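Student: One letter stands for each residue in the lines below.
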Amino acid sequence: MAEIDSNSPPSSKNILIASVISLVVALIVLFSFILPAEFGSDPLGTGELFGLNVLSLEENPLEEQLVVHKTDSVEFILGPFESVEYKYLLDMDSSMLFSWVADGELYYDMHAEPAALGEEYAESFEQGNSNSRMGSFHAPFTGIHGWFWENRGLSTITLQLYSSGFYVNSTVFRDGGSYERELQTVTD
Amino acid sequence: MKRVTTMGAKLLLLGVSLFSLHAFGHTIEGGDASFVEAIDGPAIGPFIYLGAKHMVTGYDHLLFLLGVIFFLYRPKHVVQYVTLFAIGHSITLLLGVLANLQVNAYFIDAIIGLSVVYKAFENIDGFKRVFGFEPNTKVAVFVFGLFHGLGLATKLQEFDLSENGLVTNIISFNIGVEIGQILALSAVFLILSVWRTSSSYLRHSFITNTALMTGGFLLAGFQISAYLFQPPF
Chain H
552 MAEIDSNSPP
562 SSKNILIASV
572 ISLVVALIVL
582 FSFILPAEFG
592 SDPLGTGELF
602 GLNVLSLEEN
612 PLEEQLVVHK
622 TDSVEFILGP
632 FESVEYKYLL
642 DMDSSMLFSW
652 VADGELYYDM
662 HAEPAALGEE
672 YAESFEQGNS
682 NSRMGSFHAP
692 FTGIHGWFWE
702 NRGLSTITLQ
712 LYSSGFYVNS
722 TVFRDGGSYE
732 RELQTVTD
Chain C
438 MKRVTTMGAK
448 LLLLGVSLFS
458 LHAFGHTIEG
468 GDASFVEAID
478 GPAIGPFIYL
488 GAKHMVTGYD
498 HLLFLLGVIF
508 FLYRPKHVVQ
518 YVTLFAIGHS
528 ITLLLGVLAN
538 LQVNAYFIDA
548 IIGLSVVYKA
558 FENIDGFKRV
568 FGFEPNTKVA
578 VFVFGLFHGL
588 GLATKLQEFD
598 LSENGLVTNI
608 ISFNIGVEIG
618 QILALSAVFL
628 ILSVWRTSSS
638 YLRHSFITNT
648 ALMTGGFLLA
658 GFQISAYLFQ
668 PPF
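Residue numbers (our numbering), protein chains in the order written: chain H, 552 to 739; chain C, 438 to 670.
Read the hints as simulated data drawn from the structure, not as lab findings.
The structure displayed is predicted, hence computed values, not measured ones.
Careful: at least some of the hints might be erroneous.
Among the chain H residues that face chain C by a calculated CB cut under 10 Å, a handful are [what the hints assert, rightly or not]:
#, residue
1, Leu567
2, Ser573
3, Ile585
4, Glu589
5, Gly591
Residues from chain C that keep clear of chain H, each with C-beta distances beyond 12 Å, as calculated [what the hints assert, rightly or not]:
#, residue
6, Val576
7, Asn601
8, Ala621
Backbone N, C-alpha and C define an ideal beta-carbon position, used for all residues, glycine too.
Throw the hints in and build the complete structure from the sequences for me.
Tutor: Shown next as structure tokens:
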């Protein structure tokens, strides 16, 4: 039948056959593999057959946790050029909400250190100077996640942090030492 | 008949291997995307890099260029055609972003896919033998260059680009695109040149271009599907 002679120019019949095959192959691949794997549509049932449907499942916005979430409020008073660091222990993929407000401008650095790897693997998410920051945080890895604040002015500044989240505990780093702080549940 | 079935099988294999290259909606993603959003002011180096990366990793552009230089044997002709393509896409990239031309990205990418089909069909003498006329290949390459540039512009405009340093950044991106194109083309041209020394080149040119056509159809089909299945928000 449609024999393709390689040494002479292709006949218009062969060109048409090749083009149609090309289109049909593309359509077959599209309908049997790409639609199920990429777009969650499985018109021929091949997505089910080859297990491709899982590839197009959307990420569930729900992140289930096994414990009740905690709340915490803490106040720090920072004299001129004093600094403090406050961090929560969060498992990977755990979230927290936070708001901190100060009565003066502070330098801040929101960052995290992976558990057991220490400071040299610290990752910083935001640095700047501000009176307040509010936000939500989704822990990229298990470790301690929190803030470094420094008063770079000449007046004493009071800082108030409120947070809630699936953290385990919190640690204060101040004056060269560190201690675990008992979480202070927000009641009102 | 048997010959045709083997050809079908080969095409299927090629199609599947093309698709395992995963990310089909060829966009600027991940860390690069957040960089582009965060930038405020001229950033020549990063935008040159992103432009080059977009081209070198952009199989839609690369497949088209492969089709364009498939039967160009002399470097002079390669330079001529690629310059036409580059002028075409530079015009629409610059004007598109500066004039804030909003075109549906899927639509443009589908046309880019069909540009591969067009070029492959032309390479197997489809227009001459089936339709009895030969389109001006230089004009075609230039016009498809315009579409490819519009695609690039659309990708860039998906980001909230800062007005600060915009022109510098787009020109840098465009320079990067040209650098990436030269790099990718040199590689493709070298491989083709080596292949051309063997007699299998002409023997397989028909099947190669048919496969290229399949790739083009797949690209277009993917983009049309992406358009139809896009989330309603």
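Student: Against which earlier hints does the structure fall short, listed by number upward?
Tutor: none
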